[in-house]
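One line per chain: the protein sequences are A and B, in this order. In this text, residue positions in the first sequence follow the numbering used here: the first is 1, and each later residue adds one. In this text, residue positions in the second sequence follow the numbering used here: the first is 1, and each later residue adds one.
Keep in mind that the hints were calculated from the coordinates and are not lab data. As the structure is a prediction and not an experimental result, all values here were calculated from the model. Just so you know, even glycine gets a beta-carbon here, dropped at the ideal spot from N, CA and C. Hints are not guaranteed to be accurate.
Straight-line Cα separation of at most 35 Å, DSBU-like style, residue types lysine-lysine; simulated pairs [claimed, not checked]: (1) B:147 - B:410; (2) B:213 - A:111; (3) B:213 - A:113; (4) B:147 - B:168; (5) A:113 - A:138; (6) B:340 - B:213; (7) A:340 - B:213; (8) A:410 - A:147; (9) A:213 - B:113; (10) B:138 - B:113; (11) A:213 - A:340; (12) A:213 - B:111; (13) A:213 - B:340.
Here chain B is said to cover these stretches of chain A; the calculated rule only asks that three of the stretch's residues, wherever they fall, bring their Cβ under 8 Å from a Cβ of chain B [said to hold, decoys possible]: (14) 199–205; (15) 227–236; (16) 356–369.
Number of protein chains: 2
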Amino acid sequence: MSLDPVLSRIDSDLDAATERLFELLRIPSISTDPDFAEHCQSAADWLVADLQSIGVDARSVQSPGHPMVVGHVDGPGPHVLFYGHYDVQPVDPLELWDNDPFDPQIEDTPKGKVIRGRGTNDDKGQLMTFLEACRAWKAEHGSLPCKITFFFEGEEESGSPSLIPFLKENADLLRADLALICDTALFQSRTPAIITMLRGLLGEEITITAPDKDLHSGMYGGAAMNPIRVLTRILANLHDDEGRVQVPGFYDDVPELPEELAAQWQALGFDHASFLAEVGLSHPAGEVDRTPLEMLWSRPTADVNGIVGGYTGEGFKTVLPSKASAKVSFRLVGQQDPLKLRDSFRAWVRAQLPPDCDVTFADHGASPASHMSTDHPAFEAARRALSDEWPEPAAFSGFGGSIPVAGYFKTYLDMDAMLVGWGKDDDQIHSPNEKYDLESFHKGIRSWARILEAMKS
Amino acid sequence: MSLDPVLSRIDSDLDAATERLFELLRIPSISTDPDFAEHCQSAADWLVADLQSIGVDARSVQSPGHPMVVGHVDGPGPHVLFYGHYDVQPVDPLELWDNDPFDPQIEDTPKGKVIRGRGTNDDKGQLMTFLEACRAWKAEHGSLPCKITFFFEGEEESGSPSLIPFLKENADLLRADLALICDTALFQSRTPAIITMLRGLLGEEITITAPDKDLHSGMYGGAAMNPIRVLTRILANLHDDEGRVQVPGFYDDVPELPEELAAQWQALGFDHASFLAEVGLSHPAGEVDRTPLEMLWSRPTADVNGIVGGYTGEGFKTVLPSKASAKVSFRLVGQQDPLKLRDSFRAWVRAQLPPDCDVTFADHGASPASHMSTDHPAFEAARRALSDEWPEPAAFSGFGGSIPVAGYFKTYLDMDAMLVGWGKDDDQIHSPNEKYDLESFHKGIRSWARILEAMKS
Chain A
1 MSLDPVLSRI DSDLDAATER LFELLRIPSI STDPDFAEHC QSAADWLVAD
51 LQSIGVDARS VQSPGHPMVV GHVDGPGPHV LFYGHYDVQP VDPLELWDND
101 PFDPQIEDTP KGKVIRGRGT NDDKGQLMTF LEACRAWKAE HGSLPCKITF
151 FFEGEEESGS PSLIPFLKEN ADLLRADLAL ICDTALFQSR TPAIITMLRG
201 LLGEEITITA PDKDLHSGMY GGAAMNPIRV LTRILANLHD DEGRVQVPGF
251 YDDVPELPEE LAAQWQALGF DHASFLAEVG LSHPAGEVDR TPLEMLWSRP
301 TADVNGIVGG YTGEGFKTVL PSKASAKVSF RLVGQQDPLK LRDSFRAWVR
351 AQLPPDCDVT FADHGASPAS HMSTDHPAFE AARRALSDEW PEPAAFSGFG
401 GSIPVAGYFK TYLDMDAMLV GWGKDDDQIH SPNEKYDLES FHKGIRSWAR
451 ILEAMKS
Chain B
1 MSLDPVLSRI DSDLDAATER LFELLRIPSI STDPDFAEHC QSAADWLVAD
51 LQSIGVDARS VQSPGHPMVV GHVDGPGPHV LFYGHYDVQP VDPLELWDND
101 PFDPQIEDTP KGKVIRGRGT NDDKGQLMTF LEACRAWKAE HGSLPCKITF
151 FFEGEEESGS PSLIPFLKEN ADLLRADLAL ICDTALFQSR TPAIITMLRG
201 LLGEEITITA PDKDLHSGMY GGAAMNPIRV LTRILANLHD DEGRVQVPGF
251 YDDVPELPEE LAAQWQALGF DHASFLAEVG LSHPAGEVDR TPLEMLWSRP
301 TADVNGIVGG YTGEGFKTVL PSKASAKVSF RLVGQQDPLK LRDSFRAWVR
351 AQLPPDCDVT FADHGASPAS HMSTDHPAFE AARRALSDEW PEPAAFSGFG
401 GSIPVAGYFK TYLDMDAMLV GWGKDDDQIH SPNEKYDLES FHKGIRSWAR
451 ILEAMKS
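Given only the sequences and the hints, what does the whole structure look like? Please build it.
Structural data, given as structure tokens:
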């Protein structure tokens with residue numbers, strides 16, 4: 001059997017694999033901040049060199065934003081495309097990190113060893129599990145078990161502005177039998193999850209201007225319109241008292257969960273109380289008649305992700321600011337149309353503007369929800385392979401985050417995607433002190449080796 | 001007559017006086033930010049040396065915060081205390097300044113020459129008008145026309161935490177027949193104003209915490225409470241649809257304006273339209289049944305002066321933050337009790353907290369409104385003297401800002417205060433590109449010389 005020596009090699013090579021991951025983690029490839037553009041290029045270059053080291057014909061391709069990395073290697077089995085992203089989230093508030101986010105460390109914790117730093121999970125740690133599985137396979141067998149196209153982007157955390165044009169222009173280069181995406185999580189730490197539903201995302205930034213300059217609230221307060229007052233009144237109207245989003249038409253294309261799927265999810269025995277307790281909460285927010293798992297996997301939501309206006313430094317300043325702004329995201333499900341909702345949201349905001357106020361909007365991405373077809377035999381093969389590696393059998397599940405690329409692959413390349421990943425709920429991705437369990441990294445590599453083995457047969 | 005040569009000397013000495021002001025303006029004495037503490041000390045030292053240069057027995061006195069400057073000089077007339085503050089507001093947003101805020105310049109503008117920089121008006125430019133009047137008087141006559149105590153603090157822009165204890169401990173050192181305060185403005189640019197009503201100020205900072213760490217909105221959004229959502233809902237409730245403040249009991253001790261005073265104000269012919277147009281507005285905010293002048297001088301208000309939460313940098317980050325905070329100020333009138341209102345505000349906020357949320361409050365000052373008695377003969381003397389200097393006769397007026405020290409002088413030293421000042425509505429105090437008209441500086445110095453002359457007789 002060809003799998004066992006690969007798994008053994010993965011086990012014995014773990015320290016070296018971790019050191020390779022650390023090299024990539026040390027590159028601060030924050031895509032959303034233009035000051036970090038050269039680091040994004042460095043991360044792309046690093047990946048090209050690493051792919052070449054395992055015999056992949058790889059190169060980085062310029063885009064209007066950060067470069068794409070594309071690689072090809074031949075093999076006997078089916079043709080898969082593996083997608084990941086090398087860019088990471090910003091690190092602020094920096095003062096909440098216990099260590100430099102770009103100086104990764106292995107830490108002993110009560111729950112086991114973890115790799116700590118920005119990108120350890122999202123998505124550098126996850127994408128390297130696939131590369132390391134390929135490296136071990138190549139080292140043992142001299143070739144890979146499938147024909148593989150590698151495709152890494154560097155703009156996932158900033159809305160992937162270059163992605164769709166690139167997919168359109170390079171459809172023939174990228175199309176495969178199936179896409180593999182490693183950017184998701186285990187189900188409650190012990191159960192590998194194969195994602196069949198992903199929420200979409202609409203990102204909007206609104207800036208409200210009232211007076212044409214900052215004013216002294218003693219000179220103008222009361223008499224002049226305060227844009228923070230306008231903004232908070234609008235945002236306060238986003239949800240009604242039952243937690244339902246108030247933007248007109250928001251729920252128009254939101255389906256109820258099919259009974260069969262609801263029953264499958266019910267059978268997973270999600271522990272709602274400990275899910276909330278993990279982050280210091282005890283009461284679910286959101287729509288009052290929905291469970292947290294329903295809210296996360298099958299309901300659309302609205303959240304303010306950032307708000308700023310006026311004086312926010314130390315002490316106090318009685319300023320009446322000229323403008324105030326907020327970043328608002330909507331997670332979308334079913335057939336909700338992000339472009340239609342953007343129009344509806346903007347009209348709804350404008351309708352609430354008092355006299356003398358202006359509003360401007362910035363677009364931070366719009367992608368619909370995705371629903372995976374599980375018809376491809378790889379889904380059943382992966383379910384069996386993952387059930388061999390992990391303590392609990394693998395589950396088909398939903399996912400609260402948005403991985404728009406899965407939908408784009410379907411739309412622009414007519415290619416289904418299979419999403420698996422090894423993250424845990426407490427990995428603090430997008431937050432200070434992001435981590436990835438060493439177990440996630442190790443068993444993740446082993447899981448990919450098993451999936452490749454299962455797919456080739 | 002002793003006044004004319006003093007006025008002539010003021011005219012001929014204007015360039016040198018401006019250069020002395022520039023020296024003080026170049027010291028970035030921002031009191032609210034601990035990083036600038038040494039500059040506050042430098043500004044205090046500079047004032048001590050400048051007072052000594054005109055024969056004042058002056059020194060700086062340490063306080064728990066920034067130092068106090070106290071000086072005494074004997075003279076034949078009544079005993080006055082002159083108060084000013086050498087600290088300035090922070091300068092952010094720095095990118096909105098056309099020049100370095102601490103590199104003052106004289107600029108030609110369509111409305112005449114202006115001095116541009118932080119503190120040019122508030123309060124360095126204003127306090128230097130008094131010092132320069134004294135300097136000219138001393139140079140012409142070898143002594144000053146009144147017995148004068150000089151008192152400058154360095155914490156006015158950060159709530160004056162050391163002021164009341166200092167007044168209590170040094171009551172005998174500071175008590176005079178009347179306090180003179182130069183920290184206010186002309187009435188609509190041409191009419192000198194002697195302030196008889198000042199609003200009080202309550203400053204509160206509220207911080208709402210929900211989850212115990214920042215979360216990914218894809219993982220938790222919808223299911224976990226978002227503190228920005230809680231904060232915006234509470235702040236949106238601050239005002240009702242008619243612009244009235246909703247904190248319980250807020251209007252309990254707010255008197256209607258006496259008819260006589262209302263008639264006096266009416267006679268001033270305040271140009272509401274151009275007051276608003278000056279800052280790009282056309283509709284008054286605030287209580288719907290009040291004019292802007294009423295709102296500014298005689299009505300209490302609430303304003304959010306700063307709000308921040310989540311990701312506020314470039315681009316987008318789908319974070320669900322752990323906390324969000326806002327700085328809220330209330331301008332107070334009549335007999336409104338700031339401590340009672342603080343309790344009421346905090347209880348009102350707490351009553352709106354959903355489960356799982358915590359709130360903390362920080363206190364940024366609490367001072368009641370002040371009403372000046374105009375019984376002291378200096379008020380009539382100053383009204384005549386100012387009417388000689390300026391194009392329009394001087395008016396007794398209200399003032400929208402808060403100068404708590406006037407109330408403290410009454411409470412702790414049993415001393416009335418007379419407030420005059422030479423600022424203009426478009427001076428952008430507390431904002432980028434603060435300025436002080438060269439005319440304000442020049443005629444301000446001449447005005448003080450006239451007031452001193454009028455008071456001694």
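So, going through the hints one by one against the coordinates:
1. B:147 - B:410: holds, 20 Å
2. B:213 - A:111: holds, 19 Å
3. B:213 - A:113: With Cα atoms ~21 Å apart, residue 213 of chain B and residue 113 of chain A stay inside 35 Å; holds.
4. B:147 - B:168: The given pair, whose Cα atoms are some 22 Å apart, holds under the 35 Å limit.
5. A:113 - A:138: This hinted pair holds, its Cα atoms lying about 28 Å apart.
6. B:340 - B:213: With a Cα-Cα distance of about 34 Å, the restraint between residue 340 of chain B and residue 213 of chain B holds, given a limit of 35 Å.
7. A:340 - B:213: Since the Cα atoms of residue 340 of chain A and residue 213 of chain B sit roughly 33 Å apart, the hinted pair holds (cutoff 35 Å).
8. A:410 - A:147: holds, 20 Å
9. A:213 - B:113: The hint holds at about 21 Å.
10. B:138 - B:113: holds, 28 Å
11. A:213 - A:340: At roughly 34 Å apart (the allowed maximum being 35 Å), residue 340 of chain A and residue 213 of chain A satisfy the hint.
12. A:213 - B:111: holds, 19 Å
13. A:213 - B:340: holds, 33 Å
14. 199–205: That given contact holds, which follows from 4 residues of the segment 199–205 of chain A lying within Cβ reach (below 8 Å) of chain B.
15. 227–236: n = 7 at 8 Å, threshold three: holds.
16. 356–369: As far as the segment 356–369 of chain A goes, the hint holds, because 3 residues have Cβ atoms under 8 Å from chain B.
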